[in-house]
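For chain D, the structure is supplied; the task is to place chains U and L on it using the hints.
So the sequence lines, in the order shown, correspond to chains D, U and L.
Quick note: the first sequence uses numbering that gives the first Met the number 0, first residue 0, plus one each step.
Quick note: the second sequence uses numbering that gives the first Met the number 0, first residue 0, plus one each step.
Quick note: the third sequence uses numbering that gives the first Met the number 0, first residue 0, plus one each step.
Among the hints, erroneous ones may be present.
Said to hold, decoys possible - Listed next, the in silico DSS-like pairs over lysine-lysine satisfying Cα-Cα at most 27 Å (straight line): (1) L/Lys-140 with L/Lys-155; (2) U/Lys-192 with L/Lys-26; (3) U/Lys-106 with U/Lys-65; (4) U/Lys-159 with L/Lys-42; (5) U/Lys-185 with L/Lys-42.
Keep in mind the hints are simulated off the structure, nothing from the lab.
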Amino acid sequence: MAVFGSVAAIGAGLAVLGAGMGIGRIGGSAVEGIARNPEASGKIQTAMIIAAALIEGVALFGVVVGMLGASE
Amino acid sequence: MLAQRKVILMFFWLFISVFSTARANDSEKLDIMHHIQDAHEWHLWGGHSNPTSIYLPVILIDNGIKIFSSENFYHGIERKVVVEGGREEVYWEGVGPASGYAMMHEKIYKLNEGKLTFHGKHASNEMPLDFSITKNVLSLFIGAVLLLIIMLSTASYYRKNGAVAPRGIAKFIEPLIVFVRDEIIKPNIHGPKHTRYINFLTTVFFFILINNLLGMVPVFPGGANLTGNISVTLFLAVCTLIVTLLSANKNYWKHIFATPGVPLALLPIMIPIEIVGIFTKPFALMIRLFANMTAGHIIVLSLISIIFINKTEAWGLLSVPMALFISVLEILVAFLQAYLFASLSALFIGAAVEEDHH
Amino acid sequence: MDLVTPSYGLLFWTGLTFCLLLFVLAKFAWKPILKQVNERSKKIDDALKEAENAREEMKALHSENERILKEARAERDAILKEAKDAGTKMIEEAREKAKLEGTKLLEAAKSAIQSERNAALSEMKAQVATFSVQIAEQLVKESLTSEAKQQALASKLAEEIKLN
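The shape of chain D in the complex, shown without the other chains:
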């Protein structure tokens, strides 16, 4: 049981790792985009937040599964 919890925690960590990389790339690209085209910063920001939220949603699935594993 304890082993399962730990494995789930590693899984959650991996999910967060992937999401972190994804959101990092989105943030980086958005900053680059704003630097190239400062007038479009509003639109880029909105798109960035929505994309980050979608990725974050996937990561949170992983975290929730991890939590479930830990509480089981």
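Same frame as chain D, now just chains U and L:
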């Protein structure tokens, strides 16, 4: 150099604290989980032996409506059982009006011949319909009343003064409402159709926002993990789903059942995917809000718990500033999640009412 | 697993509260607030437009004023010039007239003086003639009273004639 050393030292402490948390016994782990879940009491202060709590009414539907205070459980008979896996669990047998029922992990069971029977780790007794005013329900009411007070006083300001520049509370609320309309609804739902969804989306935004913020207040009127409860986010997500489906036009259904530009042979694969897609979007909304708020509460509670796990106030020097930092971050998250929920709902609705461009 | 199991009690209360909130807020908060906000933004737009119009009008009015002022100034200048001209003319005329009058007067005076003089001259002439006659008479009377004198005169006259 000194600052760098400080940062390294802090990380070292954090590392130790994480290990200490890992070493902590089950009851403390349970405490955090207990705090983020619903309860039939509102615990104010005091430990396990002498708690000061607000005992909330329990409402059961079991051959008629039964209403009594949850004190009848918390001050009832404490029973201990050993469940499968050798773990000892505690449940409360009700007294007075609550006799015949038992509460275990905030779930109410009907006693079968005066006892709970266990199937594996869980009690297998019958469960009466539980419509209790729990901690989350009370928090929901408080949030609703607060929201009504704020919004109606804003509206009354305009009723009294007409179309003038806002002052007082209206000065704070009006930009938020205009933000929801101009930054969330208008960019996602094109054309004059957006006015139909202003009521729903604005209510969703402020409902989530006020409950998120209320959840960050550590003392009585706040602190309930309402928006981090799956029931609440489920309801909100279902609302979005229903609104999306009810307002969907022919174009939307065409994209699902006969996606333009897709060969006919692929349709048997595409249609199930599209149908699943209808439900995964609100499902993601539900999980996102739930997981974000719950995670925030868990982090803050974990940081505060470090003090109690190590049983030294000195740990407060580390855990309190970090909890403060996370709390401030959570205020940002409170706004962000309200924005995201409303924004993505608007996006889904907007996709459903979009006219054909092909 | 408890964490992700919805409880219908909370679901029910959430649904009830949310629907009530949606109803009350839609009717008594969002609608009036957004109505006022829209009205205000319309009011501000109108006010801006009005201000723009007023500014245009002011500009027009200003140029009109300027024009009128210019005209008035020109008229004033014209009137002043006219008046000045008239004055100069009048003065000129008056001067001419005065000059003429003066000349006339002078002429008259001159002629009067001339005639006076002529009269005086003629009178004087007459007077002188009378005096001369009288003197001559007396002289004659006196000189001719004695012989010697008559002689002397005669000689003197004779001498004078000689000398001449």
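Each hint, compared with the structure:
no.	hint	verdict
1	L/Lys-140 with L/Lys-155	17 Å, holds
2	U/Lys-192 with L/Lys-26	19 Å, holds
3	U/Lys-106 with U/Lys-65	16 Å, holds
4	U/Lys-159 with L/Lys-42	17 Å, holds
5	U/Lys-185 with L/Lys-42	22 Å, holds
Comparing the model with each numbered hint stated earlier shows that all of them hold.
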